[in-house]
Amino acid sequence: MRTASLLIAALLAFALPAHAGDTVRTDNVEASLVAETPSVTPGSTVTVALRLKIREHWHTYWSYAGDSGEATTIDWELPAGVTAGPLQFPYPNRIEIPPLVNFGYEGTVLHLTDIKVPDSAKPGDTVSLKGDAVWLVCDEVCIPEEGVLTLNLPVSATAAPADAGTAAEFSAARAALPMASPWPASATVNGTAVTFKIAAPELAKAGLTSAVFFPTHGGYIKNAAPQLVETTGGAISITTETGRRFSTPQRAAEIKSIEGVLVTTGSDGLTHAFTFDAPVTASSGPGGEEQLSVWMALVFAFLGGLILNLMPCVFPVLSMKAIALAKDGGNPTAARVGGLAYTAGVILSFLAIAGVLIALRAGGEEVAWGFQLQSPIVVAGLALLFFAIGLNLMGVFEVGGSIQNIGSGLGRGDGATASFLTGVLAAVVAAPCTAPFMAGAVGAAISQPAIIALAIFGALGLGMAVPYLALAFSPALIRLMPRPGTWMVRMKQVLAFPMFASAAWLLWVLVIQAGPNVLALIMAAFIAAAFGLWLWGLAQRGEAGRIARALALISAVPVIAAVSMANPAPQSGAVTEAYSPARLDELLKAGKPIFVNLTAAWCVTCLVNEEVALSGQGLANAFTKGGITYLKGDWTNRDPEITRLLERYGRAGVPLYLFYAAGKTEPIVLPQLLTEGIVIAAISES
Amino acid sequence: MLKRLVFAAAVSSLCLPAIAAPAVGDAAPSFSGKDTMGETVNLSDFAGKTVVLEWSNDGCPYVKKHYGSGNMQKSQEAATAEGVVWLTIISSAEGKQGYVTPEAADKLTAERNAKPSDVILDTDQVIARAYDAKTTPHMFVIDPAGKLVYAGAIDDKPTADPKDVEGAKNLVLAALDDVKNGRPVTTPESEPYGCAVKY
Numbered sequence: 001m002r003t004a005s006l007l008i009a010a011l012l013a014f015a016l017p018a019h020a021g022d023t024v025r026t027d028n029v030e031a032s033l034v035a036e037t038p039s040v041t042p043g044s045t046v047t048v049a050l051r052l053k054i055r056e057h058w059h060t061y062w063s064y065a066g067d068s069g070e071a072t073t074i075d076w077e078l079p080a081g082v083t084a085g086p087l088q089f090p091y092p093n094r095i096e097i098p099p100l101v102n103f104g105y106e107g108t109v110l111h112l113t114d115i116k117v118p119d120s121a122k123p124g125d126t127v128s129l130k131g132d133a134v135w136l137v138c139d140e141v142c143i144p145e146e147g148v149l150t151l152n153l154p155v156s157a158t159a160a161p162a163d164a165g166t167a168a169e170f171s172a173a174r175a176a177l178p179m180a181s182p183w184p185a186s187a188t189v190n191g192t193a194v195t196f197k198i199a200a201p202e203l204a205k206a207g208l209t210s211a212v213f214f215p216t217h218g219g220y221i222k223n224a225a226p227q228l229v230e231t232t233g234g235a236i237s238i239t240t241e242t243g244r245r246f247s248t249p250q251r252a253a254e255i256k257s258i259e260g261v262l263v264t265t266g267s268d269g270l271t272h273a274f275t276f277d278a279p280v281t282a283s284s285g286p287g288g289e290e291q292l293s294v295w296m297a298l299v300f301a302f303l304g305g306l307i308l309n310l311m312p313c314v315f316p317v318l319s320m321k322a323i324a325l326a327k328d329g330g331n332p333t334a335a336r337v338g339g340l341a342y343t344a345g346v347i348l349s350f351l352a353i354a355g356v357l358i359a360l361r362a363g364g365e366e367v368a369w370g371f372q373l374q375s376p377i378v379v380a381g382l383a384l385l386f387f388a389i390g391l392n393l394m395g396v397f398e399v400g401g402s403i404q405n406i407g408s409g410l411g412r413g414d415g416a417t418a419s420f421l422t423g424v425l426a427a428v429v430a431a432p433c434t435a436p437f438m439a440g441a442v443g444a445a446i447s448q449p450a451i452i453a454l455a456i457f458g459a460l461g462l463g464m465a466v467p468y469l470a471l472a473f474s475p476a477l478i479r480l481m482p483r484p485g486t487w488m489v490r491m492k493q494v495l496a497f498p499m500f501a502s503a504a505w506l507l508w509v510l511v512i513q514a515g516p517n518v519l520a521l522i523m524a525a526f527i528a529a530a531f532g533l534w535l536w537g538l539a540q541r542g543e544a545g546r547i548a549r550a551l552a553l554i555s556a557v558p559v560i561a562a563v564s565m566a567n568p569a570p571q572s573g574a575v576t577e578a579y580s581p582a583r584l585d586e587l588l589k590a591g592k593p594i595f596v597n598l599t600a601a602w603c604v605t606c607l608v609n610e611e612v613a614l615s616g617q618g619l620a621n622a623f624t625k626g627g628i629t630y631l632k633g634d635w636t637n638r639d640p641e642i643t644r645l646l647e648r649y650g651r652a653g654v655p656l657y658l659f660y661a662a663g664k665t666e667p668i669v670l671p672q673l674l675t676e677g678i679v680i681a682a683i684s685e686s
Numbered sequence: 001m002l003k004r005l006v007f008a009a010a011v012s013s014l015c016l017p018a019i020a021a022p023a024v025g026d027a028a029p030s031f032s033g034k035d036t037m038g039e040t041v042n043l044s045d046f047a048g049k050t051v052v053l054e055w056s057n058d059g060c061p062y063v064k065k066h067y068g069s070g071n072m073q074k075s076q077e078a079a080t081a082e083g084v085v086w087l088t089i090i091s092s093a094e095g096k097q098g099y100v101t102p103e104a105a106d107k108l109t110a111e112r113n114a115k116p117s118d119v120i121l122d123t124d125q126v127i128a129r130a131y132d133a134k135t136t137p138h139m140f141v142i143d144p145a146g147k148l149v150y151a152g153a154i155d156d157k158p159t160a161d162p163k164d165v166e167g168a169k170n171l172v173l174a175a176l177d178d179v180k181n182g183r184p185v186t187t188p189e190s191e192p193y194g195c196a197v198k199y
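Chains as they are written, first to last, in the working numbering: chain A, 1 to 686; chain B, 1 to 199.
Simulated from the structure, these hints should not be mistaken for laboratory data. Keep in mind that this is a model prediction, so the values were computed, not measured. A hint or two may mislead.
Computed list of chain A residues with no C-beta within reach of chain B, every gap over 10 Å [stated by the list, open to error]: (1) Ser68; (2) Gly69; (3) Pro98; (4) Val134; (5) Gly219; (6) Arg245; (7) Phe300; (8) Ala352; (9) Val356; (10) Ala450; (11) Leu469; (12) Val494; (13) Ala524; (14) Leu607; (15) Lys625.
Derived DSSO-like pairs: lysine-lysine, alpha-carbon spacing no greater than 30 Å straight-line [claimed, not checked]: (16) A:Lys632 - A:Lys592; (17) B:Lys64 - A:Lys589; (18) B:Lys49 - B:Lys74; (19) B:Lys147 - A:Lys589; (20) B:Lys180 - A:Lys130; (21) B:Lys34 - A:Lys53; (22) B:Lys74 - A:Lys589; (23) A:Lys130 - B:Lys64; (24) A:Lys130 - B:Lys74; (25) B:Lys147 - A:Lys256; (26) A:Lys53 - B:Lys157; (27) A:Lys53 - B:Lys64; (28) B:Lys49 - B:Lys169; (29) B:Lys34 - B:Lys96; (30) A:Lys256 - B:Lys157; (31) B:Lys157 - B:Lys180; (32) B:Lys163 - A:Lys53; (33) A:Lys256 - B:Lys169; (34) B:Lys64 - B:Lys115; (35) B:Lys96 - A:Lys592; (36) B:Lys157 - B:Lys169; (37) A:Lys589 - A:Lys625.
Every residue, glycine too, gets a C-beta built ideally from N, C-alpha and C.
Construct all of the structure, not just a fragment, from the sequences and the given hints.
See below:
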């Protein structure tokens, strides 16, 4: 048996092409030097491979070995004039030895080196290469091994081609070398999470089956942490945990970029490896106080403000204001004053909200953006406000008393005070829209020093005001507006419907916050408000007298009473288990798998996720099968314990989805936009 | 918004709790372990003293490099002479490579002429997990105030070759010198090197 295998080994050795050096056999590795071509020409460069054939279940290491281990090296001893390039490392595999991970190779690995032959080499001579290779080879135990390897290459006048077998082996080895990424990459640090994003539409389109990030150096990421991969809009993003270099803000701030290799496998079964140096961009949380990220935050806040104009809560208000401006087009000075007053109203309102928020947080309150909406009274008030604006747009009543201005309504263009108040109104009605859409960005802002937070809110307000401001300052733009006419009345009426929709949505939020009984109260308030405003409108048009006006004022009493009675109902027992830190700890101690969903009724993203991703039968089955406990934290009303959990993962608002695999104390943070597939994949991979 | 193509893949599937590495500059995680005499050793026993933790595995070539060359013993001697507490910790589980009985551990200490203050057998890896110990050797220095001031390799030559001891900068002794002189540690962190701790 033994003799037979020796014989086979000997035969194999003879079968090797002539341009391979002697094989050195250690306990765990067969090592040799192999040249790509059978001979070399003067002045040429030949690629030589250090080939390690590793014992089954054992491994050698990549240039960065991971949590333990050591990279293979070779120390060349070369004839005069012959030079060797660096030893190259193909992309590695993750070799897991829980709770650690190594980066390295199993099976056979080829490390390529370019050897330059001098012009002075003469055909007929032999170039003798000698290299002292040292490798660490491990399974459970580690053994440093070495081999002095030689390779003699004849010099010939004409180039000799590689034989087919060798050519194929070298071409495969070259394909396994990471190449510089043609796509830009970035790294975003958020708390203890880092997300690498590679804008590679070609790769994303190829239908990736796997993507793994390997850091070039230690300490940047936690090597053994799971990597969550997503392809979104032509980009690949990989989220994992930061390493020790990010342990303090000071140290984190020194990190400008993270180098690494991305290894992707497509649905075609082909694997590619790319090197990139990802600049660490907008980081919040530890180390996020760089100038750059503040500027970025300001830019994003400004853009966010611009987008707010298109929100269903705001668009009608802005439209009416713009139409009013078109009517007043003849008076550029008044338009400018109005534009500035409106801008001031918007910005000051945002600053006021930010100021309250900062003051509350400074006082130790566990609040975050959207906090206004956690009070049922505010929600009820806003619902009524939207309803009233809708009625106004319908033409039931006018604001300001003058009947001459039909068509301008709440967007009256007469005077700075009215414009200022319109700005305040726009900011107030914008709040419910900002909460779900901008919680993250705004949340990051309030964790900054007060002055920066205020600047970010100011930028948000400026962004929101800028379209109207531009209109007010540019007569050319005003002239582009369509001529006033009856279409304006129709448009106004149509715009009432988004307002009614917003009101309906807030009612629904209110019912969740304060229970079904409050619905009767608020409906009564709606009717009283409608009645009062209708009477008021009649009086405005001179169709009713003083009594109607008085009745209208009186009807405000039940409205105010109803709103002030909108108190939160006690928490009712949910179908899922309610989140509490104690329950989470208990489950973690028991080593149970847990899914945590932090949500709020006023968070549209949360609700979409719950509908699309979290209520399917497939997921229910997966939860049952995995014995997973589903903890749901409802942040619709303020809850400091949930706020703390959010902050631990760098979030200032909901949603947040965490999955703790069985026996793990650190969760996988799932993306904010979920599909059932993401959740099931995260569960089944763990 | 939801039309995006998404696939998620958690690459790793570890069956043991993930470890949260203690950050240098934070309080060193407290621990309690049994030494080779069967006595309980608590980190808190050494309050007010500088403590060095050395993860060890006698079969590991990197450990052999530092014991074979006498570098580890010299470092232990230099440290303990200054009143530093040096704890050698062996975290291999029973049945895993590097596991030693208390008697075998004492024999190793004697044979190698090692000079630690004590040898702790962390066979359930509780201490290793608390410190996120990755390699043998992996070194930690805790200052008298109980703050972790150094974590990483013993020196700056990450090889298994005993010849590399000469000319290498001993980062543990450098850290101890900084602590002794009341300076912040110049190199508070380095990438540990060696064999994996056998969890």
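Consistency of the hints with the structure:
no., hint, result
1, Ser68, "violated, 4 Å"
2, Gly69, "violated, 7 Å"
3, Pro98, "violated, 4 Å"
4, Val134, "violated, 8 Å"
5, Gly219, "violated, 6 Å"
6, Arg245, "violated, 8 Å"
7, Phe300, "holds, 18 Å"
8, Ala352, "holds, 31 Å"
9, Val356, "holds, 31 Å"
10, Ala450, "holds, 26 Å"
11, Leu469, "holds, 30 Å"
12, Val494, "holds, 25 Å"
13, Ala524, "holds, 37 Å"
14, Leu607, "holds, 13 Å"
15, Lys625, "holds, 16 Å"
16, A:Lys632 - A:Lys592, "holds, 16 Å"
17, B:Lys64 - A:Lys589, "violated, 38 Å"
18, B:Lys49 - B:Lys74, "holds, 20 Å"
19, B:Lys147 - A:Lys589, "holds, 27 Å"
20, B:Lys180 - A:Lys130, "violated, 48 Å"
21, B:Lys34 - A:Lys53, "violated, 43 Å"
22, B:Lys74 - A:Lys589, "violated, 42 Å"
23, A:Lys130 - B:Lys64, "holds, 28 Å"
24, A:Lys130 - B:Lys74, "violated, 37 Å"
25, B:Lys147 - A:Lys256, "holds, 28 Å"
26, A:Lys53 - B:Lys157, "holds, 27 Å"
27, A:Lys53 - B:Lys64, "holds, 26 Å"
28, B:Lys49 - B:Lys169, "holds, 24 Å"
29, B:Lys34 - B:Lys96, "holds, 18 Å"
30, A:Lys256 - B:Lys157, "holds, 26 Å"
31, B:Lys157 - B:Lys180, "holds, 24 Å"
32, B:Lys163 - A:Lys53, "holds, 27 Å"
33, A:Lys256 - B:Lys169, "holds, 27 Å"
34, B:Lys64 - B:Lys115, "holds, 15 Å"
35, B:Lys96 - A:Lys592, "holds, 27 Å"
36, B:Lys157 - B:Lys169, "holds, 8 Å"
37, A:Lys589 - A:Lys625, "holds, 20 Å"
The structure shown violates the earlier hints numbered 1, 2, 3, 4, 5, 6, 17, 20, 21, 22, 24.
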